[in-house]
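J.: Each chain is listed here by its residues.
4 protein chains.
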Amino acid sequence: MSMWIERYKTEINELFTAENVLRNQLEVEKVLAEANAECGFIPKEAGKEIAEKSTMEFVKLERVREIEKEIHHEPMNIVMGIAEQCPNHGGYVHYGVTSNDIMDTMWGLIIKEATSIILKEGKKLQKTLIDFIDKNKEVTIIGRTHGQHAIPTTLGFKFANFLAELDLAIINLENAPTGYGKISGAVGNYASFGTMEVEKLVLEKLGLQKPMITTQVIPRIMHATFMFALAGISSVIERLAKEIRHLQRTEIGELQEPFKPSQVGSSTMPQKKNPHKTERICGLARVVRANVQASLETIPLEHERDISNSSLERIIIPESFILTHYILKQTITIVKDLGVNKEKIKENLYLTEGRQCAERVMLALTEKVGRQKGHEILKSLASKKDFEQAILNHEEVGRIFTREELEELLDPLTYIGLAKEKTEEVVEKIRKKI
Amino acid sequence: MSMWIERYKTEINELFTAENVLRNQLEVEKVLAEANAECGFIPKEAGKEIAEKSTMEFVKLERVREIEKEIHHEPMNIVMGIAEQCPNHGGYVHYGVTSNDIMDTMWGLIIKEATSIILKEGKKLQKTLIDFIDKNKEVTIIGRTHGQHAIPTTLGFKFANFLAELDLAIINLENAPTGYGKISGAVGNYASFGTMEVEKLVLEKLGLQKPMITTQVIPRIMHATFMFALAGISSVIERLAKEIRHLQRTEIGELQEPFKPSQVGSSTMPQKKNPHKTERICGLARVVRANVQASLETIPLEHERDISNSSLERIIIPESFILTHYILKQTITIVKDLGVNKEKIKENLYLTEGRQCAERVMLALTEKVGRQKGHEILKSLASKKDFEQAILNHEEVGRIFTREELEELLDPLTYIGLAKEKTEEVVEKIRKKI
Amino acid sequence: MSMWIERYKTEINELFTAENVLRNQLEVEKVLAEANAECGFIPKEAGKEIAEKSTMEFVKLERVREIEKEIHHEPMNIVMGIAEQCPNHGGYVHYGVTSNDIMDTMWGLIIKEATSIILKEGKKLQKTLIDFIDKNKEVTIIGRTHGQHAIPTTLGFKFANFLAELDLAIINLENAPTGYGKISGAVGNYASFGTMEVEKLVLEKLGLQKPMITTQVIPRIMHATFMFALAGISSVIERLAKEIRHLQRTEIGELQEPFKPSQVGSSTMPQKKNPHKTERICGLARVVRANVQASLETIPLEHERDISNSSLERIIIPESFILTHYILKQTITIVKDLGVNKEKIKENLYLTEGRQCAERVMLALTEKVGRQKGHEILKSLASKKDFEQAILNHEEVGRIFTREELEELLDPLTYIGLAKEKTEEVVEKIRKKI
Amino acid sequence: MSMWIERYKTEINELFTAENVLRNQLEVEKVLAEANAECGFIPKEAGKEIAEKSTMEFVKLERVREIEKEIHHEPMNIVMGIAEQCPNHGGYVHYGVTSNDIMDTMWGLIIKEATSIILKEGKKLQKTLIDFIDKNKEVTIIGRTHGQHAIPTTLGFKFANFLAELDLAIINLENAPTGYGKISGAVGNYASFGTMEVEKLVLEKLGLQKPMITTQVIPRIMHATFMFALAGISSVIERLAKEIRHLQRTEIGELQEPFKPSQVGSSTMPQKKNPHKTERICGLARVVRANVQASLETIPLEHERDISNSSLERIIIPESFILTHYILKQTITIVKDLGVNKEKIKENLYLTEGRQCAERVMLALTEKVGRQKGHEILKSLASKKDFEQAILNHEEVGRIFTREELEELLDPLTYIGLAKEKTEEVVEKIRKKI
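Protein chains in written order, with the working numbering: chain A, 1 to 434; chain B, 1 to 434; chain C, 1 to 434; chain D, 1 to 434.
Mixed in with the good hints, there may be bad ones.
Straight-line alpha carbon distances no greater than 25 angstroms define the calculated DMTMM-like cross-link-like pairs of lysine to aspartate or glutamate that follow [unchecked claim]:
1) D:277 with A:425
2) C:273 with B:386
3) A:368 with B:45
4) C:273 with B:45
5) A:135 with A:425
Chain A side only, calculated, beta carbon under 7 angstroms to chain B, not exhaustive [claimed, not checked]:
6) 216
7) 258
8) 305
9) 419
Here are the in silico distance ranges between beta carbons for each label pair [stated by the list, open to error]:
10) C:120 with D:414: 46 to 54 angstroms
11) A:421 with D:134: 32 to 40 angstroms
12) D:71 with B:127: 29 to 37 angstroms
13) B:69 with D:380: 57 to 65 angstroms
Read the hints as simulated data drawn from the structure, not as lab findings.
C-beta atoms are modelled at their ideal positions from N, C-alpha and C, and glycine is treated no differently.
Modelling step: build the complete structure from the supplied sequences, incorporating the hints.
T.: Have a look at this one:
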């Protein structure tokens with residue numbers, strides 16, 4: 001709302017400007033007039049005149065705003081704005097419909113387009129992730145659970161997980177009911193027309209779908225569903241953003257968010273290169289998440305409708321689409337030029353000097369001493385200074401392996417399981433979809 | 001958590017007891033042992049012994065609790081609990097897996113069953129709604145928007161809207177990824193096995209699905225998705241509950257939540273019959289909604305996992321399933337015996353003395369004076385004492401209709417549009433699905 | 001973010017424009033330079049030059065935006081924007097501070113002013129409520145619990161409750177820690193200055209308070225606290241808005257949201273006068289509530305700070321202030337011209353024909369038959385057609401009262417308890433505070 | 001709700017058991033009877049008998065549950081449960097009050113006690129933090145912003161920040177309106193008594209406060225306020241928990257959550273010592289946060305009350321108190337035995353080889369080259385391999401310092417500003433309060 005928010009606007013914002021809202025409202029009134037004429041509700045010439053005048057060339061934003069100040073009603077201001085441009089048949093504008101037929105259908109057009117932009121950008125991010133994976137699938141890196149070194153994996157495998165999670169989040173948006181309109185009248189029962197034909201024609205012309213049934217409004221469970229899907233996408237990307245932030249920590253240094261030479265990290269600490277872009281993503285994701293609450297609260301409208309949905313939707317729907325789009329676009333930029341410090345990755349991989357392969361030794365011990373006992377022995381040896389030597393010195397398990405065999409077991413480069421195969425598999429599956 | 005919550009427990013709670021959690025953990029360890037034996041990771045007899053002992057007959061809840069107090073780890077306590085029952089092959093229990101292979105797979109089993117219970121109950125509520133619709137499809141009732149009388153509709157049509165919205169909410173749960181398990185090890189790359197075969201066998205035996213890829217954990221976007229779907233169901237039902245509450249208002253009196261003769265409405269106001277069941281539903285829906293936030297916040301786990309998800313999921317997953325189930329069951333009871341006061345409905349239908357059909361008159365005027373002008377005239381006449389007479393007296397439109405024609409237009413019983421046809425259509429579609 | 005949100009902007013929005021943000025950032029740099037000079041960290045003339053140039057006359061918005069595009073850093077762009085205006089001492093701009101010293105202190109200035117506007121508007125609404133109460137304290141109205149007629153009360157008493165609740169909500173904002181700044185450096189320990197003197201001077205000059213201690217940032221529990229307070233104010237007003245909406249229902253008709261003659265209620269139903277303003281308030285309150293989540297999530301920043309707070313605060317802080325202000329202003333307008341239909345209020349008061357006084361009869365029976373038995377008898381009689389006659393006919397209690405005595409008991413006008421006294425008391429208390 | 005939640009129960013749970021709820025309800029009925037007798041509303045002997053019998057010795061939990069099954073009403077079941085124990089004056093039980101007078105007053109008693117437990121535990125945690133600070137105030141540690149090394153600070157200073165933030169969160173709870181009751185009848189206007197005297201007496205006897213005015217219920221803004229305060233406490237502690245988790249990362253290793261020798265970190269990775277307790281705190285804090293939403297949604301009850309608050313409060317109020325208490329207790333245990341690895345802290349402190357003191361060099365350069373230019377030069381030198389040498393070699397600034405002077409500037413141990421002084425100051429302030 002403030003100028004500050006301007007920062008996070010992407011081109012998707014164009015969909016939500018007053019101009020574009022008016023454009024879409026006019027488009028709905030236009031095809032309504034055509035449909036009304038086709039169905040014989042209004043004279044052919046009326047349909048023609050209204051359709052011709054229902055454009056922004058004739059109906060100006062300033063004018064409809066003026067009218068709204070007088071009558072306090074949207075879209076009645078548009079109705080009057082069109083009517084005054086139609087000297088002969090203005091009286092037939094808006095025939096048979098209730099305001100919300102125009103409003104929900106207009107929203108349907110905008111939401112459909114916004115969803116399609118998000119889905120396209122989502123696929124673009126998936127492609128970018130695949131490019132990154134392709135370049136980094138051979139990079140062995142330490143896996144971390146609870147912030148602690150676990151067992152080795154690959155950088156490609158790590159990102160294949162983000163790729164697949166993003167896919168689950170995108171599927172939610174694909175499944176969400178978007179692109180619906182309605183021309184079913186004041187309480188949804190087509191009383192003014194006595195036929196569903198006008199609705200059928202209008203929605204066909206606009207490329208929108210028809211809900212199974214409506215009250216005065218399209219059921220808000222639909223809106224909550226796509227609002228949630230946007231929050232899912234943002235939250236999944238937040239996981240990726242956190243990964244980058246943490247792997248960029250001074251002590252870790254494995255990844256590096258792109259940082260231009262002219263860029264300033266800190267105004268007082270010249271040495272700083274902060275991952276501020278990924279931090280920003282984490283912050284914005286919270287807003288998209290919180291909007292789900294407001295959207296869920298809106299489902300239980302009263303009777304055939306109350307209008308408490310309208311004001312908040314004008315805020316949260318654009319906000320969630322814009323921020324999700326911003327997050328997607330930023331992430332593409334980040335992943336594209338993400339710095340990979342292979343030396344640091346290698347250094348960290350060996351940091352725990354064999355302990356990162358303790359599982360492998362334990363499994364090799366199972367047959368001899370049992371899994372549980374193997375676990376106990378290795379747990380106690382893991383705190384010794386030299387893990388390898390400690391194993392070899394141990395009275396019970398020391399003689400099970402030669403030093404050579406043990407060193408092979410403790411080599412992290414050979415203990416990455418099916419990381420590469422699985423990564424390939426995931427990349428192939430996603431590549432086919434996008 | 002307190003004894004008070006006991007009130008809202010349904011039989012679905014059985015899925016979330018310590019006993020059932022243990023039962024399912026044992027089941028996973030059992031089929032894991034079988035799969036390990038089939039794949040040659042452990043001796044056949046080990047597989048047999050472990051599978052035999054991995055039941056609650058041998059591994060007691062008290063015992064695993066004792067062990068947990070010592071080692072502070074779940075499910076390592078179960079591993080030790082089984083192992084101590086296997087004199088010969090205890091060392092092979094839990095071979096090759098990480099704790100969370102057991103935990104997430106156990107959750108998968110429970111969530112799958114819980115989802116199926118909710119879906120069944122959802123369909124049962126849909127049937128109950130259809131029964132109600134069948135009985136009330138001929139009842140003409142005033143439609144209300146903004147709490148104000150709008151135009152007439154039918155009681156059946158009203159409930160057909162709830163029926164269809166519930167369907168959208170149920171579809172969200174059907175689409176949600178539930179019933180997944182994983183046996184992919186400490187960071188998801190199958191390092192301990194070097195094969196995906198064990199996972200394949202385990203999940204087949206358990207009837208679970210396999211995620212495309214995992215870290216140590218199944219991606220939490222899956223959990224947020226079903227948690228949202230539960231909130232959607234609860235919120236859609238809240239709309240129904242609010243409808244009943246408002247139509248039961250003293251001044252309205254059209255519907256009446258079931259109220260037993262022995263029941264007390266108020267301890268101090270003997271006359272009271274309060275819709276406390278539907279009010280309770282509205283309250284509980286808020287809890288299910290709020291849990292979505294906690295679930296969304298959990299998506300961005302760190303690296304190959306952090307365990308911040310575990311504690312909160314033990315609280316919010318049972319809570320959302322139990323409360324949604326309670327809400328569904330209560331609503332079935334309510335709709336089954338919902339009182340319909342046809343006299344009051346009729347009285348209210350005629351309350352505004354023709355104004356509820358002003359739209360119809362306006363449309364009839366369109367050809368003569370234009371829609372917009374008709375609107376203005378009728379708006380001003382609507383505030384006169386006798387609406388019908390005021391129309392007839394009006395200099396411009398008074399002569400357009402005879403009194404008879406006007407009275408026909410103002411008859412609410414004949415201005416319900418396609419309410420009945422649409423209701424039939426919706427009922428047919430849903431009937432086919434359930 | 002979209003043009004649509006423009007609708008809800010009030011003058012408080014001026015605080016959050018890019019211009020005003022820059023103005024306040026410059027103000028902080030200005031007094032910093034003065035303080036630095038006073039403490040001897042920079043030459044006196046440097047302090048003078050910088051202070052003189054740190055205004056919007058010299059440092060233009062377009063210019064700092066240009067610089068930001070290059071260096072991707074705020075407020076380093078402002079630092080450079082000032083420096084280039086200071087031919088002699090530009091090198092001393094921003095001496096000793098970290099960016100966030102400027103940012104958080106600037107926020108402190110804006111939040112302080114925004115809070116003061118909200119508090120002023122809150123008191124104005126309280127005054128408006130008192131005026132309404134003064135006019136309506138004698139109006140006896142039916143009290144409603146569970147949407148059902150309970151016992152009588154007064155319209156003044158109803159609004160005295162809103163008045164007092166609003167007071168509780170306002171106290172939360174008064175208690176919230178707003179108006180804080182910090183000049184404590186990169187990690188909060190004053191390393192660059194080695195003294196707290198600069199901070200002391202800067203905050204004194206700006207009229208801001210000093211937190212007990214900070215990291216690089218002021219603790220975000222402070223922000224969550226005022227964000228919650230705003231949500232509390234909005235939610236309390238939502239209760240008032242719902243009251244008006246429900247009392248305006250067609251069947252109830254006791255209150256009427258102001259509605260201009262030129263205003264249109266519905267584009268298709270000429271008779272409609274919808275309470276759309278109060279509905280809008282209910283919608284917007286959801287957004288303010290949801291923002292609390294995002295704010296709470298921001299408390300656990302990492303180490304001496306991560307910057308995930310920054311982006312979301314630029315969105316949610318202005319949003320919550322603006323919407324709360326809008327809600328307050330709208331409510332003042334509404335309450336000022338709120339229609340009170342005394343006839344309808346009276347009609348509804350008598351609607352249940354004595355049952356609204358059943359409690360009073362029960363209490364009168366206590367001595368004779370016991371409270372519990374009295375309750376049971378009256379409960380069963382309440383469903384008879386003629387409540388009064390049914391009591392008189394009852395074999396056990398019929399002879400306890402004469403008809404005259406009973407009619408006195410059943411007169412709602414005399415059963416309003418201390419409604420008037422309590423109302424006076426509340427009004428007096430609040431009047432003293434505002 | 002499930003057995004699993006049992007894990008997080010503390011002794012505070014005792015307050016929320018069915019037994020304790022009944023005990024408190026009986027207590028309210030008891031003092032009500034006494035007050036009614038004192039005011040002359042019921043006979044002295046009635047007051048005596050009822051007061052004597054209103055204890056759990058006479059009124060059994062099983063019995064009131066039985067009655068509730070019949071009449072579907074709480075606390076009417078308690079009223080009947082007491083009455084049947086009073087052979088002479090049972091008819092005077094519950095005289096003059098509405099159910100919610102008992103319920104809200106009972107809640108008041110429980111919430112008051114629960115709040116006091118939380119506040120006590122909060123102070124205990126503050127003491128524990130002070131002990132930790134006392135032991136670690138001399139430990140110089142690297143400060144981190146954006147996950148990147150910033151400038152040095154002390155471990156004591158770090159924790160002084162947590163100490164002060166916790167204080168802000170605790171103040172919110174102290175400020176929150178808890179410990180209120182009401183005996184103001186069905187709509188809050190004392191109609192049944194015609195006096196506020198009974199309320200005054202009851203609340204005095206119970207040690208509760210009186211709201212300025214009520215409807216049938218105490219305003220729910222009060223409840224939202226303490227629910228938020230609990231979320232604030234949990235979220236502030238989450239920041240501390242995250243600090244520990246991150247400083248325990250394998251690469252960092254500065255802090256170590258207590259880990260018993262018998263404890264198991266991972267079932268498959270013997271080397272693991274995971275910070276699972278602090279991770280659990282982070283998870284549970286989300287639940288407490290989300291409950292704020294449900295609580296805020298409950299503020300706008302309808303008219304003189306609807307009962308949608310009741311069911312959800314039975315869930316979320318105990319939940320938030322119990323989880324906050326659990327979090328506080330766990331944190332005390334953790335901080336008490338928190339491992340501090342001074343060697344690792346020192347190693348990390350020097351990790352960036354002088355760059356952590358770049359700010360100090362920049363400030364020293366200000367006079368000679370200007371702050372801004374100094375920043376630019378040092379930023380470019382920071383990426384050189386040997387930062388110190390690079391500075392000395394630089395043509396413009398190389399001659400400003402001798403190597404000795406520069407080494408002094410680059411010594412992190414002497415660049416901690418007022419960390420120690422500020423820490424002392426904070427500890428002193430808090431020590432005085434607790």
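J.: Of the numbered hints stated earlier in the document, which are not met by this structure?
T.: 1, 4, 7 and 11
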